[in-house]
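These are the residues of each chain, in order.
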Amino acid sequence: MSMVTLRIQRFNPEADAAPVYREYTVEVDPTDRVLDTLNAVKWYQDGTLTYRRSCAHGVCGSDAMRINGVNRLACKVLMRDVGAQVTVEPLMGFRVIKDLVVDMEPFFAQFRSVLPFFINDARPPERERLQSVEDRERFDDTTKCILCAACTTSCPSFWANEDFVGPAAIVNAHRFIFDTRDAAAAERLEILNDREGVWRCRTIFNCTEACPREIKITKAIGEVKKAILYGTARA
Amino acid sequence: MANTHRSTSLGTALRYRGREGMWTWILHRVTGLGILLFLLIHVVDTALVIYWPGLYEHALNIYKSAFFRFAELAIVFSVLYHALNGLRIVVQDFWPGAMLRQRQLVWAVAVLVVLTILPVAWLMLRPVFGLGPEPGAARFEAASAGTETTVQAPAHAAAGVRL
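Line by line, the protein sequences give chains A and B.
Each position in the first sequence, counted from 1, maps to that position plus 33 in the working numbering.
Each position in the second sequence, counted from 1, maps to that position plus 14 in the working numbering.
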């Protein structure tokens with residue numbers, strides 16, 4: 034057990050004009066996660082601390098936040114990897130609802146804008162729509178997204194322009210654009226060819242570095258750009 | 015009335031701990047703006063030779079100071095970095111598979127920039143510290159001494175053509 038200082042950005046929109054930082058000293062095990070430490074603060078020191086968490090095992094994507102200045106899931110970062118002084122702040126670019134909770138609605142609106150669902154109006158075959166192993170492999174990486182928003186809120190293009198559709202939405206478009214069973218690739222490419230679409234990406238790689246599922250996001254965006262450039266996702 | 019807060023300021027952005035990709039992108043922007051600034055100054059000082067030749071000579075004398083020798087080296091660095099980093103981005107754009115090696119590509123660009131800028135820096139800064147001759151000085155002196163044949167006049171001038 035050792036003592037760590039947790040410096041948390043607090044913001045109560047009904048009381049604070051601007052965010053303030055409060056420090057909490059917590060006793061932790063090296064194998065505790067940042068989420069456990071936040072729980073220790075909330076349960077034993079300050080019940081007003083507000084943050085999202087649900088599954089607490091890196092699957093639901095609820096507890097993305099800035100930990101020591103970089104986007105991470107609080108449930109996937111161990112205390113032994115962050116040092117004795119830890120700064121925890123909300124995701125950048127979205128309105129802070131309270132403390133570490135940001136308004137995710139604009140994020141889900143971006144997600145919905147790329148038609149993130151299977152589209153094929155052809156009459157389904159008697160059994161499954163079969164697909165080769167290679168064809169399935171083509172978009173395997175982008176099926177792993179958990180919509181935590183760590184990528185989109187790490188993107189300087191998004192910080193500068195909240196209308197940018199953002200890496201997460203492009204990842205989810207990629208998942209269907211490169212699926213041979215889907216029939217709406219052209220429509221999605223048209224959507225992403227918008228001035229707020231893929232071309233705002235400057236290949237900065239903050240998204241790829243931030244993704245807790247290790248999706249090669251910038252590469253996926255690059256593949257979508259290329260598909261738009263050459264007019265086909267089947268190249 | 016509830017207050018609102020969104021973290022988007024430049025200060026907050028620069029505190030984000032991005033890695034190679036973020037810092038190379040920022041440097042790409044800074045060197046791009048630097049080259050633009052140089053171009054604007056260059057257009058103005060070159061225009062002086064037509065309208066105020068005296069001021070043009072004055073400007074050229076200012077450029078001979080040690081400070082501007084370092085500034086000129088900064089221009090060379092900007093052009094070099096912007097070009098090589100731009101080629102890295104082109105490679106990534108046309109071969110997205112290269113992005114799996116994005117950090118190595120950044121370091122490859124860094125090594126190329128350093129290897130190229132070091133000899134250039136030596137040649138440009140040597141005279142400032144009295145460690146060697148001004149590049150091109152020997153040729154200039156030979157021309158001034160009356161051996162004009164070493165420096166060819168432009169063909170149109172030799173033919174007496176007025177532009």
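Derived from the structure by calculation, the hints contain no laboratory data.
Hints are supplied without guarantee of correctness; some may be wrong.
To be verified - Ranges of calculated distance between the beta carbons of each label pair, as one might list FRET restraints:
#1 A:Arg145 to B:Thr26: 22 to 32 Å
#2 A:Ala48 to B:Phe81: 47 to 57 Å
#3 A:Asp196 to B:Ala157: 24 to 34 Å
#4 A:Glu138 to B:Arg117: 30 to 40 Å
#5 A:Thr38 to B:Glu86: 24 to 34 Å
#6 A:Arg86 to B:Phe81: 54 to 64 Å
#7 B:Tyr77 to A:Asp196: 52 to 62 Å
#8 B:Thr26 to A:Thr38: 16 to 26 Å
#9 B:Leu50 to A:Asp62: 50 to 60 Å
#10 A:Arg145 to B:Ser23: 45 to 55 Å
#11 B:Glu86 to A:Val92: 25 to 35 Å
#12 B:Leu69 to A:Asp196: 43 to 53 Å
Computed from a prediction, not measured in an experiment: that's the story for all the values here.
All C-beta atoms in this analysis are idealised placements derived from N, C-alpha and C, irrespective of residue type, glycine included.
Supplied distance hint 24 to 34 Å, evaluated on CB atoms of A:Asp196 and B:Ala157
Given about 60 Å between the Cβ atoms, the range is violated.
B:Glu86 and A:Thr38 - C-beta distance against the hinted 24 to 34 Å
At roughly 48 Å between Cβ atoms, B:Glu86 and A:Thr38 fall outside 24 to 34 Å, so the hint is violated.
Per the hint of 43 to 53 Å, is the separation of the Cβ atoms of B:Leu69 and A:Asp196 within bounds?
At 47 Å between Cβs, range holds.
Outcome of range test on Cβ distance (B:Leu50, A:Asp62; 50 to 60 Å):
holds, 54 Å
Regarding A:Glu138 and B:Arg117, is the given constraint of 30 to 40 Å on their beta-carbon distance met?
About 34 Å separates the Cβ atoms of A:Glu138 and B:Arg117, which means 30 to 40 Å holds.
Satisfaction of the hinted span 54 to 64 Å by the C-beta atoms belonging to A:Arg86 and B:Phe81
Taking Cβ atoms as reference, A:Arg86 and B:Phe81 lie about 56 Å apart, which means the hint holds.
For the hint 52 to 62 Å, verify it against the beta carbon of B:Tyr77 and that of A:Asp196.
For A:Asp196 against B:Tyr77, whose Cβ atoms are near 44 Å apart, the range 52 to 62 Å is violated.
A:Arg145 and B:Ser23, beta-carbon distance inside 45 to 55 Å?
violated, 29 Å
A:Arg145 paired with B:Thr26, Cβ distance criterion 22 to 32 Å
holds, 28 Å
For the hint 47 to 57 Å, verify it against the beta carbon of A:Ala48 and that of B:Phe81.
Holds, at about 52 Å.
Is 25 to 35 Å right for how far apart the beta carbons of B:Glu86 and A:Val92 are?
The hint (25 to 35 Å, Cβ to Cβ) is violated, given that B:Glu86 and A:Val92 are roughly 56 Å apart.
Could you say whether the range 16 to 26 Å given as a hint is met by the Cβ separation of B:Thr26 and A:Thr38?
holds, 21 Å
Consistency with the previously given hints fails for numbers 3, 5, 7, 10 and 11, ordered from lowest to highest.
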